[in-house]
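Taken in sequence, the protein lines are chains F and W.
Numbering-wise (our numbering), the first sequence opens with residue 3 and increments by one.
Numbering-wise (our numbering), the second sequence opens with residue 752 and increments by one.
Worth flagging that the hints you see were computed from the coordinates, not collected in a lab.
The reader is advised that the hints may include incorrect statements.
[Claimed, not checked] Only pairs whose alpha carbons sit at most 25 Å apart, straight line, appear in this in silico PhoX-like list of lysine-lysine:
id	chain 1	residue 1	chain 2	residue 2
1	W	Lys800	W	Lys922
2	F	Lys119	F	Lys139
3	F	Lys50	W	Lys922
4	W	Lys846	F	Lys50
5	W	Lys800	W	Lys846
6	W	Lys922	F	Lys65
7	F	Lys65	W	Lys843
8	F	Lys79	F	Lys65
9	F	Lys50	W	Lys843
10	W	Lys843	F	Lys54
[As the list claims (entries may be wrong)] Label pairs and their in silico Cβ distance ranges:
id	chain 1	residue 1	chain 2	residue 2	range
11	F	Arg95	W	Glu807	40 to 50 Å
12	F	Glu78	W	Lys922	33 to 43 Å
13	W	Ile921	F	Arg75	47 to 57 Å
14	W	Lys817	F	Trp30	36 to 46 Å
15	W	Glu807	F	Arg75	14 to 24 Å
16	W	Gly818	F	Trp30	33 to 43 Å
[To be verified] On the chain W side, residues computed to face chain F include the following (Cβ under 7 Å):
id	residue
17	Phe776
18	Thr778
19	Thr781
20	Val784
21	Val785
22	Val786
23	Trp793
24	Met795
25	Ala799
26	Gln809
27	Thr854
28	Phe858
29	Ser896
30	Val899
31	Gly901
Every residue, glycine too, gets a C-beta built ideally from N, C-alpha and C.
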Amino acid sequence: MFAMNLILAAEDTAGHAAGAEVMDLYNWVPGVTSLIVFGIAFVVLYLKVWPKITQGLDDRQNKIREEIAAAERAREKANLALVEYEQNVAKAREQADEMIATARADAKVVAEELRTKNAADLATMKSRATADIAAAKRAAIVELHAEAATLATSVASKILRREISVEDQQQLVQESLAELAAQQTAETEHGMAGAPS
Amino acid sequence: MELLLQFAATEPTDHVTDKYVLGGFVTMHTITVVVIGALFVWAMFAAAKAIATGPESQGNDRYTTKGRWAQFVEVVVTYLHDEMLIPVLGEKHTKRFLPYLMTVFFFVLFINVFGLIPLLDVQHLIGDLTGKHFKTYIGGTATASITVTGALALVSFVVIQIHGFRELGIKGYLQHLCGGLIPGPIYLLPVVAIVFVVEVAGQFIKPAALAIRLFANMVAGHTLMAVLLGFGKVALDGAGGSLTLGVGGITLISALGALAISFLELFVAFLQAFIFMFLTAVFISLMSHHEEEHDTHDHEHESTLAAVIEPTAP
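Excised from the complex, chain W in its bound form (with noise of 0.2 Å):
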């Protein structure tokens, strides 16, 4: 019982915080993100093996996919780009960064699902166990570390403002800052200030939004399943360290509020993989169909402003 407690540790945040080997230089996380990208391309060249069409000599057979993580590899990848990429990007854009956007998807979920491992508390439990306190070397939620999300935020950063140079040119870059206010009426010229300062503001907040979701998410679930595992270890303590039916209810309750919420957690992981991903694609999409937004917007811009200017009378 006194073990099991331990999961919950000392305190709720010990989960997601990370932990120093190496004398600081080389962490938990990073440790962590190493093994997880080394199994990430494990995994995608073994799905990508069973995706890929066979020799002639498999006749029909060369077109299916054997096995399940390859075929769920390739229902998310055609979900993905059928429902959700391509009416935001379109096929000329959805082909160009695919590759990208399925990266930073699958990239990001399975550190998010690695974290749900409880590699972390296993650890724990075999220091206990043994007596030995040892330092843990890998596991809890990379994602959890607001450098790790914003370093994958600002590679989708820099693609998302290289995709804006190249499509829109360095005037048109200006004038999506601008609000597609210049060329305009002079008297706007204050308005235009103002939604430049916006504009570029956004720029920058729009990954760092990513950055700080993935991470504020991450370490919410966690530390929610650690609060709640932790009542009955509160509990115990409270009634001096002997079981009574009291702490045993309460323990119970609380590990199948844990129980519930990791069940949340699972999904959370994919969602946030998804909408970290879906955001960088809407992010480029923003870039890419400036020209055709940006007709509709001066004409809802003009109309606004012109309404502003000169009210009608109803």
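So here's chain F without its partners, still in its complex pose (with noise of 0.2 Å):
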């Protein structure tokens, strides 16, 4: 196999020898079909697509350009939207600690009103009930003296008007009870009657 390519190598060899020449007049065919080639090349390339290739790079870069203009835009309108709602969010919590302030306040009136109004009216009812109290003592006390200054009066009279036995003398004391019963039955039966229904 080795011989066999040493003596394909060798013809080759030959080959290129005698070519040689030939390929000394034709040297220029390489170059010139270059020129050929990338001539066409060229004006293919120059007509149909580098102006594709441009116009798509220009129009990705402008895109591109438009896309961050517009997120630039919307970055400053965000902003200015964040500025507003803080803003807005920084007075209301104002307004609202305002109002809280307020109702505080007045809460505050409110309960001290109420409770001065409640401590007047305490003191008013409780001179009221200690008045009442003390009037009603004093009726009581008027009534029971004027009571027992009649039954002493009417004892007395009874006695002045006759000598008593031991048996006149209770039953004077029993009609003067007796008397004394009645008169305090009819009284209550007036303030019964006098009462409201």
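Can you join these two chains into the complex? Each is in its own frame, and there are hints to help.
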């Protein structure tokens, strides 16, 4: 195999030697071909390819620029909205604080008024009750004194009108007591009749 | 093993030299360039279709580029446009020359990268396997041919010169060739003559350097790979055709070296395409910004010449 290769290589070299002269005659051919191929390629690409590529790249660049500009505008808008929102929130918080403070102050005033009023009412009621009690007490004492005096006067008048025996005395006492009871009963009935239904 | 070593071919330069196909008129590089040209145009059409803005019905999705190849083209074009060409040429001239410069870049890139596909070696291998020695019709690196790189450099030369005349006018162009020393003092005429010759030569040397640089880099890289692979074959021949441990070791090391160089070659393929395009842009810019630079150069020239003619005491 190797020997065959060597033979082929030798033939190849011989072929080269024979073709070398021909090659020297036409060694400009690849150059001219390159010139023609490059020229055709350039014209075709210049008309059909590079405009598309440069236009595509320009479109993309413009799109990116527009997107960046739009994003910046949106960011500025968002920043403004955020500032406005924060201002509104601060304002609302301020208003809420003011309202709470006002409500507390109002509540305090109302509570103070209620407390004062209650205290005053209580004091009035207490003094009125004390006065009522004192009046009732005085009335009761006066009434008791009157009753006692009446009874004593009645007993004394009866004693003075006649000499009384033990039986009379007892009878007089009994009568006086009965009169007293009757008088009390009549007063009670009178009181009940006069009471509102 | 022997077959694999055939990748090295009998001569390292076999990988970079052109092969005659049809009586010499049509060569392997000729066919390769035509095929690559067709592939190149097709691939760029596909990329353009994917990069172009889609219909509105697609929504925001119409702005996205679909497909790896189109994304690669987009990234490369965007990077070269924004980072390389705008700083050198400015907005106006970048817009004007972008189609030409990008076509040059991708065309050279296609040829360079195509050269890394071992079509030539595969054809050799098939020939060895079948026992028939057949001609190689396609393959190799077309930019390893000085006529191909020369043709591309010629296009750049024409573009640069047309732009120079258009931008500067006849008078400005001639002033540029005189290094900005005219109008100037009469005693500077000998210097102007020298500068004129150098500048005129420079107009041809610059594109020639473009052609030679690309050609030399492509030839050197592929030759180096072939040489490295050839070490194994040389070792095998030296051992009388018997496969010994030493032969295996040498072959392995040389193959690994060739593999490493092939990665370097991939980088060089991109780099040289970029350099060709970028230097063309730089040469265009030298003709574009001449007036601005001219003033600066004038001052520099004047101050330098003044210092030479009338040296001031320290």
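Each hint tested on the structure:
A distance of roughly 44 Å separates the Cα atoms of lysine 800 of chain W and lysine 922 of chain W; the hinted pair therefore is violated under the 25 Å criterion. Restraint check for lysine 119 of chain F and lysine 139 of chain F: the C-alpha separation of about 29 Å exceeds 25 Å, so the hint is violated. Between lysine 50 of chain F and lysine 922 of chain W the alpha-carbon distance is near 36 Å, which puts this suggested pair outside the 25 Å criterion. Straight-line distance between C-alpha atoms of lysine 846 of chain W and lysine 50 of chain F comes to about 16 Å, which keeps the hinted pair within the 25 Å bound.
Using a Cα cut-off of 25 Å, the hinted pair lysine 800 of chain W and lysine 846 of chain W holds, with the two alpha carbons roughly 20 Å apart. About 44 Å separates the Cα atoms of lysine 922 of chain W and lysine 65 of chain F, which puts this hinted pair outside 25 Å; it is violated. This hinted pair checks out: lysine 65 of chain F and lysine 843 of chain W have alpha carbons roughly 22 Å apart, not beyond 25 Å. Distance hint between lysine 79 of chain F and lysine 65 of chain F is fulfilled; the C-alpha atoms sit about 21 Å from each other, no more than 25 Å.
The hinted pair formed by lysine 50 of chain F and lysine 843 of chain W meets the criterion: a straight-line CA distance of about 21 Å does not exceed 25 Å. Note on lysine 843 of chain W and lysine 54 of chain F: the hinted pairing holds, with a Cα-Cα distance of about 19 Å set against a maximum of 25 Å. In this structure the supplied range 40 to 50 Å holds for arginine 95 of chain F paired with glutamate 807 of chain W, their Cβ-Cβ distance being about 48 Å. With their beta carbons about 54 Å apart, glutamate 78 of chain F and lysine 922 of chain W fall outside the hinted range of 33 to 43 Å.
Distance hint for isoleucine 921 of chain W and arginine 75 of chain F: a CB-CB separation of about 52 Å, consistent with the stated range 47 to 57 Å. The hint said 36 to 46 Å for the Cβ distance between lysine 817 of chain W and tryptophan 30 of chain F, and at roughly 42 Å that hint holds. The supplied range of 14 to 24 Å is met by glutamate 807 of chain W and arginine 75 of chain F, whose beta-carbon atoms lie about 23 Å from each other. Taking 33 to 43 Å as the suggested C-beta distance range, the pair glycine 818 of chain W and tryptophan 30 of chain F conforms, at roughly 38 Å.
For phenylalanine 776 of chain W, the shortest C-beta to C-beta distance to chain F is roughly 5 Å, which falls under 7 Å, so the interface hint holds. The interface hint given for threonine 778 of chain W is met, as the beta carbon of that residue sits about 6 Å from the closest beta carbon of chain F, less than 7 Å. Below 7 Å, beta-carbon pairs count as interface contacts, and threonine 781 of chain W has one with chain F at about 5 Å; its hint therefore holds. At its closest, the beta carbon of valine 784 of chain W sits 5 Å from a beta carbon of chain F; the interface hint therefore holds under the 7 Å criterion.
For valine 785 of chain W, the interface hint holds, since its Cβ comes within 7 Å of a Cβ in chain F; the closest pair sits about 6 Å apart. Interface hint status for valine 786 of chain W: violated, as the beta-carbon distance to the closest one in chain F is roughly 9 Å, over 7 Å. The beta carbon of tryptophan 793 of chain W comes no nearer than 10 Å to any beta carbon in chain F, farther than 7 Å, and the hint placing it at the interface is violated. Interface restraint check for methionine 795 of chain W: the shortest CB-CB distance to chain F comes to about 5 Å, inside 7 Å, so the restraint holds.
The interface hint given for alanine 799 of chain W holds, since its Cβ lies 4 Å from the closest Cβ of chain F, which is under the 7 Å cut-off. Violation of the interface hint for glutamine 809 of chain W is found here, the shortest Cβ-Cβ separation to chain F being roughly 12 Å, above the 7 Å cut-off. Below 7 Å, beta-carbon pairs count as interface contacts, and threonine 854 of chain W has one with chain F at about 5 Å; its hint therefore holds. Here the hint on phenylalanine 858 of chain W is kept, as its CB sits about 6 Å from the closest CB of chain F, short of 7 Å.
Residue-level restraint check for serine 896 of chain W holds (minimum Cβ-Cβ distance to chain F is 5 Å; threshold 7 Å). With a cut of 7 Å, the hint placing valine 899 of chain W at the interface with chain F holds, because the nearest CB-to-CB distance is about 4 Å. Annotation: interface hint on glycine 901 of chain W holds; nearest CB of chain F at approximately 6 Å, less than 7 Å.
The earlier numbered hints that this structure contradicts are 1, 2, 3, 6, 12, 22, 23, 26.
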